[in-house]
Structures are given as structure tokens and as C-alpha cells.
Amino acid sequence: KAGVTQTPRYLIKTRGQQVTLSCSPISGHRSVSWYQQTPGQGLQFLFEYFSETQRNKGNFPGRFSGRQFSNSRSEMNVSTLELGDSALYLCASSFGSGSGTEAFFGQGTRLTVV
Amino acid sequence: AQSVTQLDSQVPVFEEAPVELRCNYSSSVSVYLFWYVQYPNQGLQLLLKYLSGSTLVKGINGFEAEFNKSQTSFHLRKPSVHISDTAEYFCAVIFQTGANNLFFGTGTRLTVIP
Numbered sequence: 002k003a004g005v006t007q008t009p010r011y012l013i014k015t016r017g018q019q020v021t022l023s024c025s026p027i028s029g030h031r032s033v034s035w036y037q038q039t040p041g042q043g044l045q046f047l048f049e050y051f052s053e054t055q056r057n058k059g060n061f062p063g064r065f066s067g068r069q070f071s072n073s074r075s076e077m078n079v080s081t082l083e084l085g086d087s088a089l090y091l092c093a094s095s096f097g098s099g100s101g102t103e104a105f106f107g108q109g110t111r112l113t114v115v
Numbered sequence: 084a085q086s087v088t089q090l091d092s093q094v095p096v097f098e099e100a101p102v103e104l105r106c107n108y109s110s111s112v113s114v115y116l117f118w119y120v121q122y123p124n125q126g127l128q129l130l131l132k133y134l135s136g137s138t139l140v141k142g143i144n145g146f147e148a149e150f151n152k153s154q155t156s157f158h159l160r161k162p163s164v165h166i167s168d169t170a171e172y173f174c175a176v177i178f179q180t181g182a183n184n185l186f187f188g189t190g191t192r193l194t195v196i197p
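Line by line, the protein sequences give chains A and B. Heads up: the first sequence begins at 2 in my numbering, then just goes up one per residue. Heads up: the second sequence begins at 84 in my numbering, then just goes up one per residue.
This is chain A alone, in the form it adopts within the complex:
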């Protein structure tokens, strides 16, 4: 069974540009969550999608957005990139929507903003 796949693995963008990251969950999983990992702030929750609906959102500016498609694949978009957006972006998928359902993480996308 294939794991969570995130593409691309590495990305370099310039300040002011926008970027789209992709996450393919494990087959059959309907929930996808996104996390940002930085040395300074650690791991922080961005948002969660379940059956194409955003269920929960973390404390990030509106430049960060996401969506989920009918096949459960998810994308997150960051517009008007800032240097501080450089981070490892992790996607996690889980089967159900209830708390405590195990989340499986992808290897992440390393975004560098220059």
C-alpha cells in the first residue's frame, strides 16, 4: 500500500512569488492535514480537509490556502511568498474524521524562499 506522497520534494522560490504544493493521501483516506515545520516555530497546524471541505484551520495568514479534490488529493497554495515561509511542509492523511485516528505523514516538501 503506497504511503502519503508529496510533490515536489524540494522547491526554491523568490519572494513575492506564489507556490502550490501537492499531497496524495493513502488510498481510502479521506482526511488530509497540512503542517509547517520551521526551526523557530516547530511544527504548526495549517489546515485540515475532509471530503473536500475545510474542517479546521490554524493561525496562519490568508496567504496560505488549500483545497481537496474529490479523489482526496490536496493542494496547498502560498501567495506572495516571504522569506519566513521557508519551511518543511508536511502533509498527513487519515482514514476517518474522528480524533485519535492515526495520521500518516508524507516526507514533506522543503520550500526555500530567496
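No lab work stands behind these hints, which were simulated from the structure alone. Mixed in with the good hints, there may be bad ones.
[As the list claims (entries may be wrong)] As a list, the in silico DSS-like pairs of lysine-lysine whose alpha-carbon atoms are at most 30 Å apart:
1. B:141 <-> B:152
2. B:152 <-> A:58
3. A:58 <-> A:14
4. B:152 <-> B:132
5. A:14 <-> B:152
These numbers were taken from a predicted model, which means no experiment stands behind them.
Following the hints, complete the assembly by docking chain B onto the known chain A.
Okay, now just chain B, sitting in the frame of chain A:
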């Protein structure tokens, strides 16, 4: 306030020695508790979780953790570490407020010394 604290940012330990990584949380609601491991340039892998029932939880790779409600702790232990256990370890909590997102501690870097 709801929070997760990992007091030890770095823990060096000799090979085959026991180790304990500490995790404390603060919450006014019930919680689910998790430990994840992250190897360099990788995503997060679930070691173990506590949802309910027995307070002693056994996970993969010989790790175990004990939920102590009175001390609001969920410390991770392993009786004998191996070189391959060198990694970053994250304690995570789901606060049972209806949301499903993980709140992470700042991580503990475990270094196993030969």
C-alpha cells in the same frame, strides 16, 4: 491554556543504555497523546499513541510510554537504545475540543553514542 512541553531539547545517551524523553501537557479538556519520530529529511512516523484504556502503551521499535493524568505527563522510554534510534522525537496532543489537529512539542533530539 492548552500546551505541550518537551523540556529536553537534546538527550545524549550511550548505546544499550536506557532513555526517557519527557513530555508534559496542559489542558482543561481530555486529550489523546502521541509520540512521533523524525529521521533526517523524512516525515513523521508514529511510535505509539494513547487514546484510552491502559495507561502503559507499547509502540514500535521497543518504545513504550506511560500516561500519568495527575502529573499531565506522557514520557517515552526505551530500556536499551541502538545507534539507529538517533533521531528527533516529538510529543503531540489532540485536545478533545472537536478538532482533529495535532499540537506538537518542540522536539527532543536523541543522539545515541557508540
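Going through the hints against the structure:
| no. | hint | result |
| --- | --- | --- |
| 1 | B:141 <-> B:152 | holds (17 Å) |
| 2 | B:152 <-> A:58 | holds (28 Å) |
| 3 | A:58 <-> A:14 | holds (25 Å) |
| 4 | B:152 <-> B:132 | holds (15 Å) |
| 5 | A:14 <-> B:152 | violated (46 Å) |
The earlier numbered hint that this structure contradicts is number 5, and it is the only one.
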